[in-house]
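If you read the protein sequences in the order shown, they are chains A and B. Residue numbering for the first sequence follows my numbering, starting at 1 and increasing by one per position. Residue numbering for the second sequence follows my numbering, starting at 1 and increasing by one per position.
Don't read these hints as lab results, they were simulated from the structure. Nothing here was measured: the structure is a model prediction, and the numbers come from that model. We treat Cβ as the ideally placed atom computed from N, Cα and C, and that holds for glycine. It is possible that some hints are incorrect.
[To be verified] Calculated pairs, SDA-like style, for lysine to any residue (alpha carbon to alpha carbon, straight line, at most 25 Å):
1. LYS151(B) x SER139(A)
2. LYS88(B) x GLU208(A)
3. LYS151(B) x LEU142(A)
4. LYS319(B) x VAL122(B)
5. LYS88(B) x MET94(A)
6. LYS78(A) x VAL122(B)
[Stated by the list, open to error] Where chain A lies over chain B, by a calculated footprint (3+ residues, C-beta under 8 Å):
7. 84-96
8. 139-145
9. 423-430
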Amino acid sequence: MSKTAAKNAAAAAEAPRSSVRKTYKLYIGGAFPRSESGRSYTVTAPGGEFIANAAQASRKDARDAVRAARSAQAGWAKATAYNRGQVLYRIAEMLEERRDQFAQQIVSVEGGASAAAYAQVDAAVDRWVWYAGWSDKLSQVLGSANSVAGPYWNISSPEPTGVVAVLAPATPTLLGLTSVIAPAIVGGNAVVAVAPDACAVPAVTLGEVMATSDLPGGVVNLLTGSTAELAPWLAAHLDVNALDLAGVEAGSELARELEVAAAENLKRVVRPGRDHDWNADPGLARVKPFLETKTVWHPVGI
Amino acid sequence: MANSGIFEYAPAPESRSVVDLKASYGLFVDGEFTEGSAGSFKTVNPATEEVLAEVAMGDDADVDRAVAAARRAYDQVWSRLPGRERAKYIFRIARIIQERARELAVLESLDNGKPIRESRDVDIPLAAAHFFYYAGWADKLPYANLGPDPKPLGVAGQVIPWNFPLLMLAWKVAPALACGNTVVLKPAETTPLTALLFAEICQQADLPPGVVNIVTGAGATGAAVVGHPGVDKVAFTGSTEVGRLIAKQVAGTAKKVTLELGGKAANLVFEDAPLEQAVEGIVDGIFFNQGHVCCAGSRLLVQESVAEEVVDRLRERMKTLRVGDPLDKNTDIGAINSAEQLAKIRTLSEAGEAEGATRWSPPCELPERGFFFAPTIFTGVSQAHRIAREEIFGPVLSVLTFRTPAEAVEKANNTAYGLSAGVWTDKGSRILWLAQRMRAGVVWANTFNRFDPTSPFGGYKESGYGREGGRHGLEAYLDV
Numbered sequence: 001m002s003k004t005a006a007k008n009a010a011a012a013a014e015a016p017r018s019s020v021r022k023t024y025k026l027y028i029g030g031a032f033p034r035s036e037s038g039r040s041y042t043v044t045a046p047g048g049e050f051i052a053n054a055a056q057a058s059r060k061d062a063r064d065a066v067r068a069a070r071s072a073q074a075g076w077a078k079a080t081a082y083n084r085g086q087v088l089y090r091i092a093e094m095l096e097e098r099r100d101q102f103a104q105q106i107v108s109v110e111g112g113a114s115a116a117a118y119a120q121v122d123a124a125v126d127r128w129v130w131y132a133g134w135s136d137k138l139s140q141v142l143g144s145a146n147s148v149a150g151p152y153w154n155i156s157s158p159e160p161t162g163v164v165a166v167l168a169p170a171t172p173t174l175l176g177l178t179s180v181i182a183p184a185i186v187g188g189n190a191v192v193a194v195a196p197d198a199c200a201v202p203a204v205t206l207g208e209v210m211a212t213s214d215l216p217g218g219v220v221n222l223l224t225g226s227t228a229e230l231a232p233w234l235a236a237h238l239d240v241n242a243l244d245l246a247g248v249e250a251g252s253e254l255a256r257e258l259e260v261a262a263a264e265n266l267k268r269v270v271r272p273g274r275d276h277d278w279n280a281d282p283g284l285a286r287v288k289p290f291l292e293t294k295t296v297w298h299p300v301g302i
Numbered sequence: 001m002a003n004s005g006i007f008e009y010a011p012a013p014e015s016r017s018v019v020d021l022k023a024s025y026g027l028f029v030d031g032e033f034t035e036g037s038a039g040s041f042k043t044v045n046p047a048t049e050e051v052l053a054e055v056a057m058g059d060d061a062d063v064d065r066a067v068a069a070a071r072r073a074y075d076q077v078w079s080r081l082p083g084r085e086r087a088k089y090i091f092r093i094a095r096i097i098q099e100r101a102r103e104l105a106v107l108e109s110l111d112n113g114k115p116i117r118e119s120r121d122v123d124i125p126l127a128a129a130h131f132f133y134y135a136g137w138a139d140k141l142p143y144a145n146l147g148p149d150p151k152p153l154g155v156a157g158q159v160i161p162w163n164f165p166l167l168m169l170a171w172k173v174a175p176a177l178a179c180g181n182t183v184v185l186k187p188a189e190t191t192p193l194t195a196l197l198f199a200e201i202c203q204q205a206d207l208p209p210g211v212v213n214i215v216t217g218a219g220a221t222g223a224a225v226v227g228h229p230g231v232d233k234v235a236f237t238g239s240t241e242v243g244r245l246i247a248k249q250v251a252g253t254a255k256k257v258t259l260e261l262g263g264k265a266a267n268l269v270f271e272d273a274p275l276e277q278a279v280e281g282i283v284d285g286i287f288f289n290q291g292h293v294c295c296a297g298s299r300l301l302v303q304e305s306v307a308e309e310v311v312d313r314l315r316e317r318m319k320t321l322r323v324g325d326p327l328d329k330n331t332d333i334g335a336i337n338s339a340e341q342l343a344k345i346r347t348l349s350e351a352g353e354a355e356g357a358t359r360w361s362p363p364c365e366l367p368e369r370g371f372f373f374a375p376t377i378f379t380g381v382s383q384a385h386r387i388a389r390e391e392i393f394g395p396v397l398s399v400l401t402f403r404t405p406a407e408a409v410e411k412a413n414n415t416a417y418g419l420s421a422g423v424w425t426d427k428g429s430r431i432l433w434l435a436q437r438m439r440a441g442v443v444w445a446n447t448f449n450r451f452d453p454t455s456p457f458g459g460y461k462e463s464g465y466g467r468e469g470g471r472h473g474l475e476a477y478l479d480v
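Produce the complete structure using the sequences and hints provided.
Below, the structure written as structure tokens:
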């Protein structure tokens with residue numbers, strides 16, 4: 001190689017490379033479709049810089065997501081608790097491996113210091129692990145053998161309620177989304193989650209994590225867009241069994257209206273908390289509302 | 001090799017190449033493999049009598065070092081870690097056991113003599129599941145409903161048997177670590193190898209040094225672990241005879257003790273039982289793991305009206321059992337673990353004949369080398385016979401009969417043991433009626449020998465005390 005050629009090659013190597021950007025789509029039934037509406041919205045950094053065009057989910061997307069969740073729910077509930085725990089733990093493994101990516105995305109959409117973003121990712125990973133460990137312990141902690149006054153064997157145990165619609169908080173993006181999805185699915189429910197506004201960016205990446213963690217398609221479905229637009233459809237949907245209003249302002253008119261709509265088929269509703277601390281120990285507060293208790297009687301005798 | 005007749009199988013040996021055996025092994029103390037201060041002993045492949053490796057014989061000084069390391073690790077690291085962080089190490093261990101599952105399975109079959117199908121499909125997956133289950137508890141102890149402020153006990157001294165070497169290790173180590181204790185574990189003399197591979201797994205998991213210490217050796221080593229004043233908790237699985245000695249040895253100390261000991265389980269078959277399934281369950285109950293199972297269904301109690309049919313079907317089924325090379329994937333019954341155990345099984349079987357019971361085994365050609373014993377049933381057994389009272393711990397079944405449910409209960413409970421029981425009937429209410437009356441810690445209905453990390457296991461009466469597995473298994477390792 002001549003000296004000139006070598007210099008040119010070195011210069012080219014130093015030239016900035018144009019990146020290949022990701023298309024942000026929805027996550028429904030294990031696939032990543034665009035919104036059927038063809039709409040998108042601009043996600044910007046707190047400073048206003050363009051980050052991405054996210055798919056703006058529509059009523060039709062919400063209905064598709066509910067159908068996907070319903071189709072997946074029975075199989076997910078039937079999987080052994082051990083198996084469900086392994087899948088949730090796998091999500092934690094995949095999330096940990098993408099730590100840098102999530103931290104960057106959190107900084108870009110939420111602003112703030114890199115250390116805080118990393119702390120949020122770590123908390124999200126630990127939260128998946130926390131719930132992974134619960135899968136085969138829920139019946140041991142929430143179930144019981146009941147001493148009825150008669151010759152009967154009597155056992156109560158928790159079962160999933162079905163399809164849960166969750167409205168994720170706007171921030172913290174990744175930890176908030178994790179904190180509403182994981183407790184709903186650990187007991188065997190399927191979820192339709194609304195990831196609002198800028199939350200779309202880590203949400204879609206979380207969808208990629210779930211898609212590569214042996215989580216059956218449809219167990220978690222992610223809709224990006226506007227909570228105000230999507231929530232009423234989900235709250236009124238008669239094939240949704242429960243509703244987590246985490247992402248709605250406590251005491252707001254919207255919160256009340258959604259609860260009214262949810263009452264039509266007596267959805268189990270988790271009301272929004274005031275100044276909820278997403279870093280606090282979550283306990284089982286978001287697990288129990290999405291479980292039914294089933295009691296079985298059986299006679300005892302020769 | 002075992003059965004001529006309609007089933008001719010080509011050999012289907014599992015490869016040994018996955019296992020990297022060293023010529024000799026030291027003790028695992030404070031995160032490192034170290035030389036023992038005393039001599040060594042040989043561990044052999046019971047299917048061939050070939051020496052597999054030399055293993056260090058831990059003595060009092062070694063146990064002392066191990067307990068000191070465990071205490072340091074407890075004080076300085078493990079008891080101070082939040083449960084959430086302890087959990088991560090235990091999850092790592094579970095994952096590495098899954099990753100190295102085949103290697104562990106082959107090694108287990110080599111050292112123990114159990115069929116590869118069993119080590120591959122039962123022992124190793126259950127061991128991994130056990131770690132996975134208890135990892136999840138590490139940060140959830142206040143939810144276990146055992147007390148408002150559960151605390152670890154300190155250093156746990158654990159002595160385990162040779163029948164399920166890695167699985168028994170998992171039953172001991174997983175809950176101990178999850179609850180915040182550190183451990184000194186003594187594996188059985190005849191099956192130390194998977195415990196030593198487990199030590200390597202602890203290294204791969206970056207488990208802090210001293211949290212798990214493994215001291216190989218024989219009875220005296222175990223006694224040194226149990227008797228060490230620095231040990232806060234003693235957990236033992238093995239014979240009732242040794243369990244009694246341990247209970248006496250720790251008397252007057254503050255040590256918390258759990259004992260999982262022998263059994264002589266009754267397997268009750270009623271006339272309305274699905275007989276085909278029952279026969280499978282009887283076979284699984286007594287011939288699984290060569291009958292080296294403390295909860296084995298070693299006393300078959302059959303309702304008189306179906307006794308002849310059940311025994312006929314059982315004999316037919318036994319003719320298809322394949323005895324031989326543990327590493328052959330078609331083998332049902334592998335090698336007896338040691339010459340000593342084989343002698344014990346022979347002695348008790350001879351006593352059965354001498355006392356007047358009728359002995360039967362299918363035509364069965366046993367390998368020339370190694371320790372093997374043909375699957376055997378005794379009919380015409382009375383409750384007074386030694387083979388109906390003593391734990392044989394081998395592939396030997398005693399058949400007795402009963403007429404009424406009350407008589408079945410009477411006979412089933414007529415034993416010093418109380419580890420497990422089996423019930424076969426189509427009637428649900430009767431299952432529960434019998435289950436309530438069995439003086440046994442585990443009752444299997446229309447199934448047998450089922451194990452799960454979520455399910456508590458342990459005995460009544462002289463089968464020991466304390467439970468392993470499930471939420472209840474935490475209590476053994478907590479100050480509550």
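**Message:** Just to be careful, I want the Cα atoms of LYS151(B) and LEU142(A) compared with a cutoff of 25 Å; is the pair within it?
**Reply:** Since the Cα atoms of LYS151(B) and LEU142(A) sit roughly 22 Å apart, the hinted pair holds (cutoff 25 Å).
**Message:** Check whether the Cα positions of LYS151(B) and SER139(A) lie no farther apart than 25 Å.
**Reply:** holds (23 Å)
**Message:** Against the 25 Å threshold, does the CA-CA distance of LYS319(B) and VAL122(B) hold or violate the hint?
**Reply:** Given pair LYS319(B), VAL122(B) holds - Cα atoms ~24 Å apart, limit 25 Å.
**Stated coverage of the segment 423-430 of chain B by chain A [criterion: 3+ residues, CB within 8 Å]** = n = 3 at 8 Å, threshold three: holds.
**Asked** Under a C-beta cut-off of less than 8 Å, do 3 or more residues of the segment 84-96 of chain B approach chain A closely enough to confirm the stated coverage?
**Response** It holds, with 4 qualifying residues against the three required.
**Item:** Hint consistency between LYS88(B) and MET94(A) [alpha-carbon to alpha-carbon, up to 25 Å]
**Value:** Holds. LYS88(B) to MET94(A) sits at ~15 Å (cutoff 25 Å).
**Item:** Holds or violated: LYS88(B) to GLU208(A), with C-alpha atoms at most 25 Å apart
**Value:** Between LYS88(B) and GLU208(A) the Cα gap is close to 23 Å, so the pair holds against 25 Å.
**Prompt:** Against chain A, does the segment 139-145 of chain B show at least 3 residues with beta-carbon separation below 8 Å?
**Reply:** With 5 residues close enough to chain A, the hint holds.
**Asked** Hey, LYS78(A) versus VAL122(B), does the alpha-carbon distance stay inside 25 Å?
**Response** holds (22 Å)
This entry satisfies every hint, going by the numbered hints stated previously.
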